[in-house]
Amino acid sequence: MEPDPVGAPDGDAALALHDITRRFPGVLANDRVSLVFRRGEIHALLGENGAGKSTLIGIVSGMVRPDSGSIEVAGAPVRITSPSAALRLGIGTVYQHVLLVPSLTVLENLMLGGSWSRTLDRAATSERFTELAELLSFRVSPDAPVGRLSLGEQQQVEIMRALWHGELVLFLDEPTSMLTPQGVDDLGVVMRRLRDHGVAIVFITHKLKEASDLADRISVLRQGRVVGEVSPGELRTMSPDAIIERVVAMMFGHGGKAEDLRATLVGDAAEPQARQNAVAGMEPLLVLRGGRTAGQRGECALDGADLEVRPGEIMGIAGVDGNGQKHLAEVLAGQRMLTTGSISLAGREIGHLGVAGRRRLGVRYITDDRLGEGTAPRHSLAINLVIKEIGSPHFWKGGITLWRRIHDHARNLIRTYGIVAPSERASLAGLSGGNIQKVLLAREWTGDARLLVVSKPTYGLDLQNTRRARDWIKSIGGNRDAAIVVISNELEELIDVSHRIAVMERGRIAGIVKNRRGARTAIGRLMAGVGDA
Amino acid sequence: MDGLLSEAFIASLFFGAVTAGVPLLLAGLGEQVSEKAGVLNIGLEGMMLAGAFAGFATAYATESFLAGFCAGILAGMAVSLIMAVLCVVLGMNQIVVGIAITLGAEGITALLHHVLYSRSYPRLSRVETWTIPGLADIPYVGQAFFDRNVLIYLAFALTFFMIWVFRRTQAGLNLQAAGDAPAALDAAGVSVTVTRFASVLVTGCLGGLGGAYMATVGGGLFLPFMTGGAGFIAIVLAMLARGNPLWILFGAFLFGASLALTTALQVVGVNIPTDVIQMLPFAMVIVVLLLFARHSYLPPALGLPYQRGAR
Amino acid sequence: MNRQHPLVSRLHGTVSVLLPVVLALTVGAILLLALGKDPIAYYGYVIRRGLLSPTGLEASLTRTAPLLLIAAGLIVAFRSGLWNLGVDGQLLLAAVVTAALAPELADRLPSVLVIAVCFAVAMAVGAAWSLIPALLKAQFGVNEIISTLMMSFLGVSLANVLIKIPFNDPLTTVPQTATLAVEDRLSRLADTTIHWGVLLALVVVVAVHHAMTMTALGMRLQIVGANMRTAVHAGLRLRLLVIVAFAISAGLAGLAGAVDVLGVHGTIRADWNPAYGIVVIPLVFLARFNGYAVIAFVFVFAVLVIGGESAARRLDVPTYFVLVLVGLVMLFMAITEFMDHRRRLTARD
Amino acid sequence: ADDVTSIAVLVPEQGTDFGWNQQGVDAARAVAEMHDLEFMPAEGLGYGDVRPTLRELAEEGASLMIAHASGYNTAAPEIAAETGVPVAIVDSPDAIQEGLVADYTLHGHEGAWLAGAMAAMMSRSGTVGIVVSGEPPSWNSQSAGFAMGARATNPDINIIYAVIGPAAYGDVAGGRRVTETVIAAGADIIFGQGNGSSFGMIQAVETTAAADGDKVWFIDVIGDKTSQAASHLLSSVLWNMVPVYSAMVEDLKAGTFGTVGYKIQLADDSVQLLKTDNIPDDVWTSIMAKRDEILSGMMIDLITDAQEVRALMTSIDIGEG
Ligand SMILES: Nc1ncnc2c1ncn2[C@@H]1O[C@H](COP(=O)(O)OP(=O)(O)OP(=O)(O)O)[C@@H](O)[C@H]1O
Ligand SMILES: Nc1ncnc2c1ncn2[C@@H]1O[C@H](COP(=O)(O)OP(=O)(O)OP(=O)(O)O)[C@@H](O)[C@H]1O
Ligand SMILES: [Mg+2]
Ligand SMILES: [Mg+2]
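Protein chains in written order, with our numbering: chain A, 1 to 533; chain B, 1 to 311; chain C, 1 to 349; chain D, 1 to 321.
Keep in mind the hints are simulated off the structure, nothing from the lab.
Where a beta carbon is used, it is the ideal one built from N, C-alpha and C, also for glycine.
Among the hints, a few may not be true.
[To be verified] Just the calculated beta-carbon pair ranges, DEER-fashion: (1) C:116 x B:291: 34 to 42 angstroms; (2) C:110 x D:261: 54 to 62 angstroms; (3) D:94 x B:120: 54 to 62 angstroms; (4) C:131 x B:310: 53 to 61 angstroms; (5) B:116 x A:165: 32 to 40 angstroms; (6) B:167 x D:126: 51 to 59 angstroms; (7) C:27 x B:132: 43 to 51 angstroms.
[As the list claims (entries may be wrong)] Calculated cross-link-like contacts (lysine to any residue; reagent style SDA-like; alpha-carbon spacing at most 20 angstroms): (8) A:397 x C:215; (9) A:388 x C:190; (10) A:388 x A:425; (11) A:209 x A:197; (12) A:388 x C:238; (13) A:388 x C:47; (14) A:388 x C:288; (15) A:388 x C:237; (16) A:209 x A:231; (17) A:388 x C:215; (18) A:388 x A:442; (19) A:209 x A:249; (20) A:209 x A:165; (21) A:474 x A:362; (22) A:388 x C:217.
Can you build the whole structure from these sequences, using the hints too?
Take a look at the structure:
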């Protein structure tokens, strides 16, 4: 089914960037970037966290003004001064961080942007909606308020909006990071179909596998510069491994070695198997029984969830977004109380304890809503790194803040985890998506945990950081007195780190699968709602 | 004694309630538009005063109430223009600018009154009314609702027009998005600045009209500070209404009614300090809040300036 | 997180206070000319009376006391993301209770105790009046702008009822509370007319400023202010913190009322409502919740009012002009402060 | 306090209200001219803290400071004690201090009594109204006087009393609204007390017809608004503070300041009824007759408490009607 992209002559340049430069306080986000995006070509844009990918997308979509450089659309020079200008030029965008109106329904969000004077035409809109939903095989209800949808579902809406007018160029900033494997495949199909309709598609991902599978051309950014490209010709001839080898080298300089990363790129189940036996037959450390929660309309609450995690065990939670994973995580962390059911850690009932109380017992929670609740974006990086331990003797003496220590601490973590930021005093909001995620991890990294709950641990992380994070999770799993719950919609990730994998379905645990060969298919069947493990 | 609770008297209470409620209704509807769009227009009181003065001065000079209303609208919009430029375009602090505008408008209109009218205290003639045949003769309420100045009918109509705008038009959708998630509206290709700018002008327009009404139909003359905080009550009404114009209609006449009630109780000789009765509407609101607490909602971006691309 | 050299930033400070005043004065001058008055003379009087003449300066400083205490409370509330716009009601109720209490105590207790008790009670009353908004906010997330405004309107009316009925002084024909003898009021500094409440106010503002920027409680409150969901995620006791922030803020408003009564008025008359809130709130925003800037802004405002009223009287300009002047200065302060802030942002690092 | 060179007057609002503030300022000016003193007016000081202004006037050498608002009668004596400059205050007869604090109580209750009598005679409907924009003592005394005068003239007259608001001195719209209601309740004569808001009342009187379709009359207080409202102005209880103020100056010169309280009264015409062309001669003559009765000793009792004033008015229980 792959058409021949070489057949596309260079005249088909849909959008061309020349020497685009953009600097932010303390960073050069884009440094003389020149790129050509062609009709009928899927162009993957890769690069480590903070490389400048989102900024580049911001520039072509009218959200960010370039300091210098020029842009051509279909050969004609243009100035993209606003998102509406971009839309008029046929440039559609799916942003890295969801940009929807929570209080409006899915349909209303899709209607935004129509001309002022008009009255709303719901009929026509829902027609187009069903049409697109078909095309993308999305299952969001058109009348649900967006605020009630899971992040994954919201991203689906974003994709629909970007495709709404049938664009000339379509930019997708990490569109797959929130999708299930099935969703990713579906999106792939859609992208190919659009590509064949002559749309120029540009997508950002941190998963080289997706890139090598989907892309007709790959460009790599590093520290704001274009450091290399893999042409369609090469992509066709080279083996996946060879491609990955090259891309990794470009992305991380010669520091990055593909071998270390292979496990991340192609999940392998041998190692988990080994650890699986190690933890077998121990008394469970975490026990959740008959967990029920009260959910607001539209969000999926827990409905009798049972879960047992043994010390040193890593329990993966798989399942389509919006099946109660969020409530599960919040219940374990103490952010949400059970209406019925019980939850105990090391034999001690902790259901009545709040977040602080549980944290004292070693409960750690890394949320996937990094801007919504994980951080205080307007505050400095340094503050964000200590907000979970305000008052601790490390940084406070008799209630007085020891700013020097806090800033030293911040500089440390920034160095250790390679967070790309102008300084520890810069406001967190300025950081790139992946770097914000690093802050969330770094905050929980040190000190010893009894129960670690991680939701989408590598959401938005580039390869190396993904590797680190997963290693870290494993290592804590390696340490006997901690139980770990990893919620993720990346099956590969779960298979990489977990001992066992539970599948969530409408607020319950539909089944639990031992992480050994064949786990993948068993999980698939559970997700599809057939059979049990 | 029978004279006291006569039909004429009851009717006049309704009449008074409507008279006192309409400026709150107009201003409240206006404020609701900008609040929906995310601009907390604290300058409303100033816009009403400007409208009141311009409205009276013009109506007096031209001997036409209609001209007065138009002048009120223009004056209100002129003041709101400052707010729009400073707060929407430049993104300055809305509370500071709003209060500064109010203080300034209070001072200027008082000065103008001092210079122009403080010796003669000119007053307007009785306002001409449109009598709706049949309805106007309904006992008690007929006069209050169906034998009034055009502007009062207009205010009622406006309430329902607004409902339609919010529910059925693209404009309504854009306004709500501008207040709830400006970045999303921007991404959808609608300029947040334009949306909010327009909304602030609408507020100025209706606030000015409300003020003009107070000075022409209401008082029949202008005095310094004559709006007496109506602007701030309208702001609260708009917040309480949670985006629904009907609640503003209700609230405005609740306040009007409680004022009329104050008078009524006195006229029939009930002997309590006016302050006690004055507390009624506010106490009522608190009770309402306590009862329906969970439902209270304000646009998340209310009061926050929007700057594209700012993280 | 302002990393400029202290001297430089202090320079910016003074500039952003003075420049707008100048601009505003120019506009005001045009207005004065229109009124057929001599602007130079007018402003001359403003400065001479508000700033240079001893009693004038004393009057200006005295005027700052309640404003500063309210501002201190607002710094806490605003930094915690709580828009407590109900300070007027909180202040007035506390003031009335103080005014009723002080004369009663005056002849029973030593004045130190009288003052201590009054301050405590006033803060309690103010705090109590913020309890409903605080609980509504903490429990159901009810927007506090509405609830505090409502409570403020209520408080003002209630204060009047209190003055007219239970606390009314039978000796006066005008409804007002019993008067606290001049010698029982806050003692004055040296032989000036400034009472020591002014010093107290200054200390409180500075203390609050540092409490918010340099203590654990301060940081907790700031996180609450940043995003309540983040506060929950970080394991902070959200409800408690909201109530505490409200109590401090309203308590200080109450203290402002007490200081105003014990320091200046000695009694409260029915229908008296200084409505300090409407000027203090914008000034605190202008200062970006910085205590030192607040002090500067409040002082400028006081000088403007004291000097302006005097000048208006001498030149027979209606006092309305002072309002215009304050509005103008506020507006232009906002503009310059805004420009200044922009410049600092772009010139970061 | 031997040589008196200047006289200052402090009023809460601009002296352009044809009422309390204007009468005060004008009278002080007149007295200043009479005794050729420097005249130091301070208008629009509001109802807040006037101490700074008092101190400043004292510094500038005012020989006498007239604090012309009941709201100033705590501050003024304090500043007098502090600066030694004599002050005159209102509504506090007990506060006088020799050489330092004098009190002048402005109660037009006698005049109001006559106005009430006139209203009772001229009311066609047998119902008269009192509308006030606040309840300061001096107005209470006149409301009471009016009510008693009316009742004395016609025992079964209805007297309706309505306050616009706690301190609605400038609330024109309210003044108009309330007055319209009172008229609707049957009143065809309105006795109105309120600074700015009086004009709202006049507006109502001018634009609303009485129950019988005929004119509603307005009786004003303190000042003379003939130039603004000739057509509907029946009369006004005029206050003339010149005698009071000049007596103060003389006592100051004589060194007897602060030994006696000053009053305005019918006797020296410091309280008068305004004679307009709208008053029929026969009514006027009989009113003048009643005036003589008062001068020859008929007591009009002075009531200043709001609650007592309300008690004088016609009241019914809500059930009735
Ligand atoms: N609005 C902004 N203010 C300050 N700095 C910014 C802003 N936007 C981007 N940056 C900086 O520019 C650099 C590039 O950011 P960008 O979001 O483009 O990276 P990215 O390639 O998308 O990274 P990721 O894969 O983590 O999303 C980062 O160092 C970021 O801190
Ligand atoms: N900077 C890092 N980069 C990549 N992986 C890391 C990093 N730091 C820790 N890890 C992973 O975590 C494992 C142990 O975590 P850490 O370095 O915190 O040691 P630790 O403090 O002894 O662990 P714990 O705090 O659980 O006792 C390491 O073996 C490594 O796999
Ligand atoms: Mg990005
Ligand atoms: Mg990312």
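Consistency of the hints with the structure:
At about 40 angstroms, the CB distance of residue 116 (chain C) to residue 291 (chain B) agrees with the hint of 34 to 42 angstroms. Separation of residue 110 (chain C) from residue 261 (chain D) is about 37 angstroms and departs from the stated range, judged on CB atoms against 54 to 62 angstroms. Look at residue 94 (chain D) against residue 120 (chain B): about 41 angstroms separates their beta carbons, and that is not inside 54 to 62 angstroms. With their beta carbons about 37 angstroms apart, residue 131 (chain C) and residue 310 (chain B) fall outside the hinted range of 53 to 61 angstroms.
Separated by about 57 angstroms at the C-beta atoms, residue 116 (chain B) and residue 165 (chain A) break the suggested range of 32 to 40 angstroms. Taking 51 to 59 angstroms as the suggested C-beta distance range, the pair residue 167 (chain B) and residue 126 (chain D) conforms, at roughly 55 angstroms. Look at residue 27 (chain C) against residue 132 (chain B): about 48 angstroms separates their beta carbons, and that is inside 43 to 51 angstroms. With a C-alpha separation of about 9 angstroms, the suggested pair residue 397 (chain A) and residue 215 (chain C) falls inside the 20 angstroms cut-off, and the hint holds.
Simply put, residue 388 (chain A) and residue 190 (chain C) have alpha-carbon atoms about 50 angstroms apart, too far for the 20 angstroms limit, and the pair is violated. Using a Cα cut-off of 20 angstroms, the hinted pair residue 388 (chain A) and residue 425 (chain A) holds, with the two alpha carbons roughly 18 angstroms apart. Our distance criterion of 20 angstroms between C-alpha atoms is broken by residue 209 (chain A) and residue 197 (chain A), whose separation comes to about 24 angstroms. Our distance criterion of 20 angstroms between C-alpha atoms is met by residue 388 (chain A) and residue 238 (chain C), whose separation comes to about 13 angstroms.
Between residue 388 (chain A) and residue 47 (chain C) the CA atoms are separated by roughly 51 angstroms; this puts the pair beyond 20 angstroms, and the hint is violated. The straight-line distance between the Cα atoms of residue 388 (chain A) and residue 288 (chain C) is roughly 26 angstroms, outside the 20 angstroms bound, and the hint therefore fails. Between residue 388 (chain A) and residue 237 (chain C), the direct Cα distance comes to roughly 12 angstroms. Compliance with the 20 angstroms bound is thereby established for this hinted pair. In summary, the hint linking residue 209 (chain A) to residue 231 (chain A) is supported, as the alpha carbons are separated by about 16 angstroms, within the 20 angstroms threshold.
Using a Cα cut-off of 20 angstroms, the hinted pair residue 388 (chain A) and residue 215 (chain C) holds, with the two alpha carbons roughly 15 angstroms apart. Under the criterion of a C-alpha separation no larger than 20 angstroms, the hint pairing residue 388 (chain A) with residue 442 (chain A) is consistent with the structure, at around 12 angstroms. In summary, the hint linking residue 209 (chain A) to residue 249 (chain A) is supported, as the alpha carbons are separated by about 15 angstroms, within the 20 angstroms threshold. Between the alpha carbons of residue 209 (chain A) and residue 165 (chain A) the distance comes to roughly 29 angstroms, so the proposed pair goes past 20 angstroms and is violated.
The straight-line distance between the Cα atoms of residue 474 (chain A) and residue 362 (chain A) is roughly 17 angstroms, inside the 20 angstroms bound, and the hint therefore holds. Proposed proximity of residue 388 (chain A) and residue 217 (chain C) is supported: the alpha carbons are some 13 angstroms apart, at most 20 angstroms.
Consistency with the previously given hints fails for numbers 2, 3, 4, 5, 9, 11, 13, 14 and 20, ordered from lowest to highest.
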